[in-house]
Amino acid sequence: MTAATEPAWLAPSSLEEALALRAERGDEATVLAGGTFLGILMNQGFLAPSAFLSLGRVPGLARMEADGELRLGAMTTHTAVERADAVRTGWPALARAFGLVASPRVRNQATVGGVLADADYASDPPAMLAALEARTVLRSTRGERSVAIDELILGYYETCIEPDELLVEVVVPPAPERAVYRKFRSRSTEDRPCVAVAATRGGTRVRVVVGAVAETPQHFPDLCALADGEELAPGLCDEIGRRYAERIEPMSDARGSAAYRRRVTAVEVRRALEDIAP
Amino acid sequence: MSAVGLDPRVTGAERYSADVERPGMLHAAFVRSPHAHARVRRIDVGGVPDGCVALTGADVEPLGIYGCQLKDQRVLADVARFAGDIVAAVAAPTRVAAKAAAAAVEVEWEELPAVFDAVAAVAPGAPLLHEHAGSSAQDAVSIDVRPIDGSNVCHRFLIRHGDAERALRTADVVVEEVYRTPCAAHMPLEPHATVAEWDGDALTLWTGTQTPFNVRADLAGVFGLPEERIRIVAPPMGGSFGAKTFVRLEAVVAALARKAGAPVRATLDRTEEFLTLNRHPATIRVRIGARRDGTLVAKELDCWVDTGAYADCGPGVATKLGYAGVGPYRIPHVRVDSLAIYTNHPPNGAFRGYGAMQSVWASERTMDLLAGELGMSPLALRRKNLLRDGDRFATGETMHDVHFEECLRAAADAVGYEQDPRGKGLCVLLKGMQTPSRAQITVERTRVGYVVRSASCEMGQGIRRSLRLMGAELLGCEPGQIEVPDPDTDTSPFDTRTTSSRSTHMMGRALELAVADLRAGDGERGTGEIVNEGGLDPDTGQGVASSHWHQGAAAAHVTVDEHTGAVRVEHLHAAVYAGRVVNREGAELQNEGSMIMGLGTALLEGVLFADGQVTNANFSDYNIPAAADLPRRMTHDLIEHEGAEVHGLGETALPPVPAAIGNALHSLGLHVTELPITPESVLDAVDRR
Amino acid sequence: MNVELTLNGRAAVLEARTDEMLLGALRRAGLLSVRETCAIGMCGACTVLLDGEPVSGCLTLAAQVAGREVTTVEGLEGSPVQRAFAEAHGFQCGWCTPGFVLAAQRLLELNPAPSDEEIAEGLGGNLCRCGSYVKIAEAVRRCAS
Numbered sequence: 000m001t002a003a004t005e006p007a008w009l010a011p012s013s014l015e016e017a018l019a020l021r022a023e024r025g026d027e028a029t030v031l032a033g034g035t036f037l038g039i040l041m042n043q044g045f046l047a048p049s050a051f052l053s054l055g056r057v058p059g060l061a062r063m064e065a066d067g068e069l070r071l072g073a074m075t076t077h078t079a080v081e082r083a084d085a086v087r088t089g090w091p092a093l094a095r096a097f098g099l100v101a102s103p104r105v106r107n108q109a110t111v112g113g114v115l116a117d118a119d120y121a122s123d124p125p126a127m128l129a130a131l132e133a134r135t136v137l138r139s140t141r142g143e144r145s146v147a148i149d150e151l152i153l154g155y156y157e158t159c160i161e162p163d164e165l166l167v168e169v170v171v172p173p174a175p176e177r178a179v180y181r182k183f184r185s186r187s188t189e190d191r192p193c194v195a196v197a198a199t200r201g202g203t204r205v206r207v208v209v210g211a212v213a214e215t216p217q218h219f220p221d222l223c224a225l226a227d228g229e230e231l232a233p234g235l236c237d238e239i240g241r242r243y244a245e246r247i248e249p250m251s252d253a254r255g256s257a258a259y260r261r262r263v264t265a266v267e268v269r270r271a272l273e274d275i276a277p
Numbered sequence: 000m001s002a003v004g005l006d007p008r009v010t011g012a013e014r015y016s017a018d019v020e021r022p023g024m025l026h027a028a029f030v031r032s033p034h035a036h037a038r039v040r041r042i043d044v045g046g047v048p049d050g051c052v053a054l055t056g057a058d059v060e061p062l063g064i065y066g067c068q069l070k071d072q073r074v075l076a077d078v079a080r081f082a083g084d085i086v087a088a089v090a091a092p093t094r095v096a097a098k099a100a101a102a103a104v105e106v107e108w109e110e111l112p113a114v115f116d117a118v119a120a121v122a123p124g125a126p127l128l129h130e131h132a133g134s135s136a137q138d139a140v141s142i143d144v145r146p147i148d149g150s151n152v153c154h155r156f157l158i159r160h161g162d163a164e165r166a167l168r169t170a171d172v173v174v175e176e177v178y179r180t181p182c183a184a185h186m187p188l189e190p191h192a193t194v195a196e197w198d199g200d201a202l203t204l205w206t207g208t209q210t211p212f213n214v215r216a217d218l219a220g221v222f223g224l225p226e227e228r229i230r231i232v233a234p235p236m237g238g239s240f241g242a243k244t245f246v247r248l249e250a251v252v253a254a255l256a257r258k259a260g261a262p263v264r265a266t267l268d269r270t271e272e273f274l275t276l277n278r279h280p281a282t283i284r285v286r287i288g289a290r291r292d293g294t295l296v297a298k299e300l301d302c303w304v305d306t307g308a309y310a311d312c313g314p315g316v317a318t319k320l321g322y323a324g325v326g327p328y329r330i331p332h333v334r335v336d337s338l339a340i341y342t343n344h345p346p347n348g349a350f351r352g353y354g355a356m357q358s359v360w361a362s363e364r365t366m367d368l369l370a371g372e373l374g375m376s377p378l379a380l381r382r383k384n385l386l387r388d389g390d391r392f393a394t395g396e397t398m399h400d401v402h403f404e405e406c407l408r409a410a411a412d413a414v415g416y417e418q419d420p421r422g423k424g425l426c427v428l429l430k431g432m433q434t435p436s437r438a439q440i441t442v443e444r445t446r447v448g449y450v451v452r453s454a455s456c457e458m459g460q461g462i463r464r465s466l467r468l469m470g471a472e473l474l475g476c477e478p479g480q481i482e483v484p485d486p487d488t489d490t491s492p493f494d495t496r497t498t499s500s501r502s503t504h505m506m507g508r509a510l511e512l513a514v515a516d517l518r519a520g521d522g523e524r525g526t527g528e529i530v531n532e533g534g535l536d537p538d539t540g541q542g543v544a545s546s547h548w549h550q551g552a553a554a555a556h557v558t559v560d561e562h563t564g565a566v567r568v569e570h571l572h573a574a575v576y577a578g579r580v581v582n583r584e585g586a587e588l589q590n591e592g593s594m595i596m597g598l599g600t601a602l603l604e605g606v607l608f609a610d611g612q613v614t615n616a617n618f619s620d621y622n623i624p625a626a627a628d629l630p631r632r633m634t635h636d637l638i639e640h641e642g643a644e645v646h647g648l649g650e651t652a653l654p655p656v657p658a659a660i661g662n663a664l665h666s667l668g669l670h671v672t673e674l675p676i677t678p679e680s681v682l683d684a685v686d687r688r
Numbered sequence: 000m001n002v003e004l005t006l007n008g009r010a011a012v013l014e015a016r017t018d019e020m021l022l023g024a025l026r027r028a029g030l031l032s033v034r035e036t037c038a039i040g041m042c043g044a045c046t047v048l049l050d051g052e053p054v055s056g057c058l059t060l061a062a063q064v065a066g067r068e069v070t071t072v073e074g075l076e077g078s079p080v081q082r083a084f085a086e087a088h089g090f091q092c093g094w095c096t097p098g099f100v101l102a103a104q105r106l107l108e109l110n111p112a113p114s115d116e117e118i119a120e121g122l123g124g125n126l127c128r129c130g131s132y133v134k135i136a137e138a139v140r141r142c143a144s
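Chains A, B and C supply the protein sequences, listed in that same order.
So that you can map any letter, position 67 of the first sequence is 66 in numbering that gives the first Met the number 0, and since no number is skipped, the others follow by simple counting.
So that you can map any letter, position 564 of the second sequence is 563 in numbering that gives the first Met the number 0, and since no number is skipped, the others follow by simple counting.
So that you can map any letter, position 131 of the third sequence is 130 in numbering that gives the first Met the number 0, and since no number is skipped, the others follow by simple counting.
These are computed hints drawn from the structure, not numbers from a lab.
Just so it is clear, the structure is predicted and the values come from calculations on it, not from any experiment.
Just so it is clear, CB atoms sit at the ideal spot from N, CA and C, and this is done for glycine as well.
Any given hint could turn out to be false.
Chain B side only, calculated, beta carbon under 10 Å to chain A, not exhaustive [stated by the list, open to error]:
hint	residue
1	T614
2	D620
3	N622
Taking lysine to any residue and the SDA-like style, the derived pairs with C-alpha atoms no more than 25 Å apart in a straight line are [unchecked claim]:
hint	chain 1	residue 1	chain 2	residue 2
4	B	K98	C	R16
5	B	K98	A	P48
6	B	K98	B	A261
7	B	K98	A	T4
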């Protein structure tokens with residue numbers, strides 16, 4: 000599907016220029032980061048942009064810095080995160096989550112900012128970033144705000160990003176003691192996940208986020224709190240898993256029915272907790 | 000470093016139908032029905048821009064109907080019988096413009112009741128898709144088509160061998176089960192692509208097809224032309240597996256090109272591929288009766304085969320499915336009723352295995368159920384009943400060149416079945432080859448060697464290389480000195496079609512005769528023809544089903560995660576009787592490729608529908624096996640014997656894979672009857688155990 | 000728009016709409032090894048190297064490659080990887096082969112001696128319906144040091 004006249008190609012060469020264009024055009028100019036998701040929508044006829052706002056020439060957006068906390072620029076590719084020594088040593092589960100996305104080709108092109116702004120329910124990085132308590136930095140000509148993942152992602156392919164805002168950076172706090180990312184595929188090794196679980200543990204405090212089962216990453220602090228002050232024994236891992244399974248309202252699709260997703264959620268949450276138990 | 004001399008497939012220089020360009024060529028797009036069953040009341044092409052050409056029902060009204068076994072298809076549907084049926088077409092200077100123009104066509108519909116299941120389609124009160132199922136088609140067909148008038152049954156195939164009903168009543172043990180296999184997509188990476196060009200009343204088509212002479216014959220009927228005025232050129236295909244058989248786009252693209260007065264190319268996008276030709280879903284009930292000692296006495300098969308909106312080669316598939324479901328066993332009393340049934344789904348047609356996978360799944364799973372009832376090893380039960388040389392099959396024909404025992408033993412040994420059968424399953428099968436059929440070939444001397452002309456179409460199975468290797472051996476030259484041009488109905492001699500794993504076997508023998516003919520003559524030119532005779536009585540299934548049988552077996556060793564139902568195939572082995580291997584790498588690739596496609600069938604694949612709409616029409620929602628999906632160990636045998644005939648094997652290793660895996664699960668107490676075997680279905684089986 | 004780039008080692012200009020993918024632009028420029036197949040970046044048959052890294056031609060806007068280097072299999076001119084695929088006969092119909100060759104090339108650059116698992120994982124995004132994976136892996140192993 001294509002617009003009758005060729006879409007405008009806006010390629011700002013500074014962040015200020017990009018933000019000014021965002022303020023001026025809002026969502027009438029489709030933001031282009033890596034372009035994999037946009038390409039799929041366009042090829043399938045779901046989107047025919049009337050203008051592109053390419054971030055490809057904006058300097059400084061692909062920076063990665065690690066000094067206690069990890070700061071990932073929005074234009075950092077998945078491959079860059081997957082391969083970065085600092086991430087592999089400091090946040091290994093995050094490197095793994097980024098490295099499990101799709102294929103090498105997609106990872107070479109898709110970006111940290113893009114995967115969050117797209118809010119694809121089956122994407123791996125959002126669940127892991129949520130478990131790691133990462134925050135996104137949204138900038139506009141009006142200023143800047145810091146938004147947690149669960150505030151950012153509102154629903155299927157829906158975020159809280161305003162029409163004049165750009166997601167410019169993701170900030171990840173120092174990694175907790177243990178972290179794991181599990182991706183359960185019910186069909187091909189290349190399939191989108193049926194159930195995904197990101198889990199972290201600092202002392203006896205655990206955070207479990209279930210992805211790919213519902214429109215947003217699923218995190219239930221009250222269920223995680225069952226682990227507070229407790230030894231993360233198999234029985235407790237099992238109980239938290241069962242309760243997560245009861246609490247979620249999963250979807251049915253080609254990868255599994257809602258009932259099946261529930262059962263696998265219980266298993267995968269249990270296994271994730273067992274993985275990070277002391 | 001240079002790419003010179005490297006195979007064009009590795010350099011990217013291979014050219015397919017989608018690459019064909021003709022001067023002044025326009026691009027086609029199709030207007031497809033969103034409804035599963037609806038009559039076209041009115042078509043308004045007012046929105047189609049200037050510079051585009053629209054083809055509607057009025058344009059094709061005078062044209063003939065077509066169909067390879069039953070003539071039940073029109074160039075454009077006046078009644079759409081599936082969601083996706085083409086009711087109009089547009090040609091424009093670019094593909095993008097054509098799509099936009101097609102989207103501008105408005106259609107007024109009268110919706111009709113629809114039916115989406117083969118069993119439901121033969122129940123009283125089911126809506127009828129075709130008023131009159133037509134009469135048996137001529138020449139290119141191999142079987143008598145037997146529709147049941149006034150029903151959705153476009154063909155019924157029967158085997159009446161002995162008295163199965165009576166024999167079952169007196170058998171010591173009878174087991175019965177019902178199985179289901181889903182619709183599946185061939186998923187060739189290259190989509191369907193066809194270019195049509197008229198020169199006066201002469202028509203040329205460049206089209207990816209396995210069946211150039213069938214297409215020519217059907218188009219001659221459509222346009223009322225002598226066959227000689229139609230030329231089909233068949234470039235190599237980027238995969239087909241049966242998808243590119245018989246008339247698919249050729250009639251509508253030719254009609255569009257004639258109206259446009261310009262060449263027209265159509266290339267389908269991936270979503271459209273799911274609306275073109277798929278694999279027959281089947282519901283199969285199996286009953287087997289045996290004596291206490293495991294001797295099989297009777298078998299009954301009832302098969303409801305969903306052929307979709309148009310028959311295509313559904314009659315042939317229902318027939319092959321019917322007799323392959325008997326299995327390679329001595330069974331004195333056999334009844335088979337196999338019905339090809341219309342439903343409001345996209346048409347189903349040739350798919351690697353041609354019905355064998357569906358009935359082998361049902362039949363071989365039931366053998367293991369029977370073994371369980373008898374307290375016998377599944378291996379011992381099979382060995383006790385396997386056909387040997389000189390035995391008669393359920394069609395009454397005498398079996399010769401029989402190697403089932405050898406294939407089964409090789410498969411069982413490969414996974415150590417006798418030492419420890421836990422988590423392991425077996426399957427042995429027989430599959431027929433297109434009978435009757437005719438293959439002609441010519442050889443001509445050239446300055447640098449020879450040119451071999453045959454209508455065998457290349458789709459990755461390696462027929463070109465096989466012909467070069469066989470030719471080189473016969474002619475005493477290098478394979479590189481033999482040119483094998485693309486099939487062209489103007490210059491290639493007749494071949495029935497490139498299906499059924501018949502080409503190396505038939506063309507190889509024809510080539511021997513052609514070379515002998517060349518040597519007997521002036522050494523410049525030779526021609527050879529091989530015909531295989533046979534056929535089955537449509538009311539009894541007696542006669543000669545296949546002049547030449549494809550024989551094989553598979554064994555699988557699996558482990559199961561009983562918390563998630565995930566199945567891991569630790570070892571998959573296929574043993575295929577090859578007789579004599581001509582093209583070793585090609586044969587290995589075909590075995591491996593068949594096994595991998597069988598793995599997809601077993602564990603991953605199914606086209607999903609909601610009210611007749613395909614809901615997973617893309618590479619993400621429909622999964623085919625990737626490299627990391629392969630079993631931990633995957634091995635195979637190409638069994639050869641000194642002095643043996645070349646045996647076709649392009650499909651043999653596919654059908655036994657699902658049953659081997661299903662039987663492996665059965666050995667763990669997990670009983671599954673439907674494909675694909677999903678982790679969810681395994682978890683259900685764990686719950687039921 | 001006119002997109003200036005380095006294409007198979009030479010300066011080139013691709014004419015393309017701003018909303019057109021690289022795949023279509025390359026095919027119009029005669030590079031027919033890049034093939035339209037799944038349109039969603041799953042199969043790898045339209046793989047090209049962009050600044051040396053594999054990407055999907057169907058998901059990359061032509062405009063995105065301005066000033067960058069694009070390599071298709073036509074630009075390899077008989078590389079060791081190509082020869083290995085030819086010798087191991089790591090193909091059947093050939094449609095997916097250019098994508099595999101480019102993916103394998105990059106895999107071996109990053110990991111000169113990949114294990115079987117690493118090969119399967121590294122080539123995971125390239126699909127072959129003919130099922131040539133066994134011989135494709137052999138081709139890669141032939142090039143491994």
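Outcome of the hint check:
1. T614: holds, 8 Å
2. D620: Where the cut-off is 10 Å and the nearest Cβ of chain A is about 5 Å from D620 (chain B), the hint holds.
3. N622: holds, 4 Å
4. B:K98 / C:R16: holds, 17 Å
5. B:K98 / A:P48: With Cα atoms ~17 Å apart, K98 (chain B) and P48 (chain A) stay inside 25 Å; holds.
6. B:K98 / B:A261: The given pair, whose Cα atoms are some 18 Å apart, holds under the 25 Å limit.
7. B:K98 / A:T4: With a Cα-Cα distance of about 16 Å, the restraint between K98 (chain B) and T4 (chain A) holds, given a limit of 25 Å.
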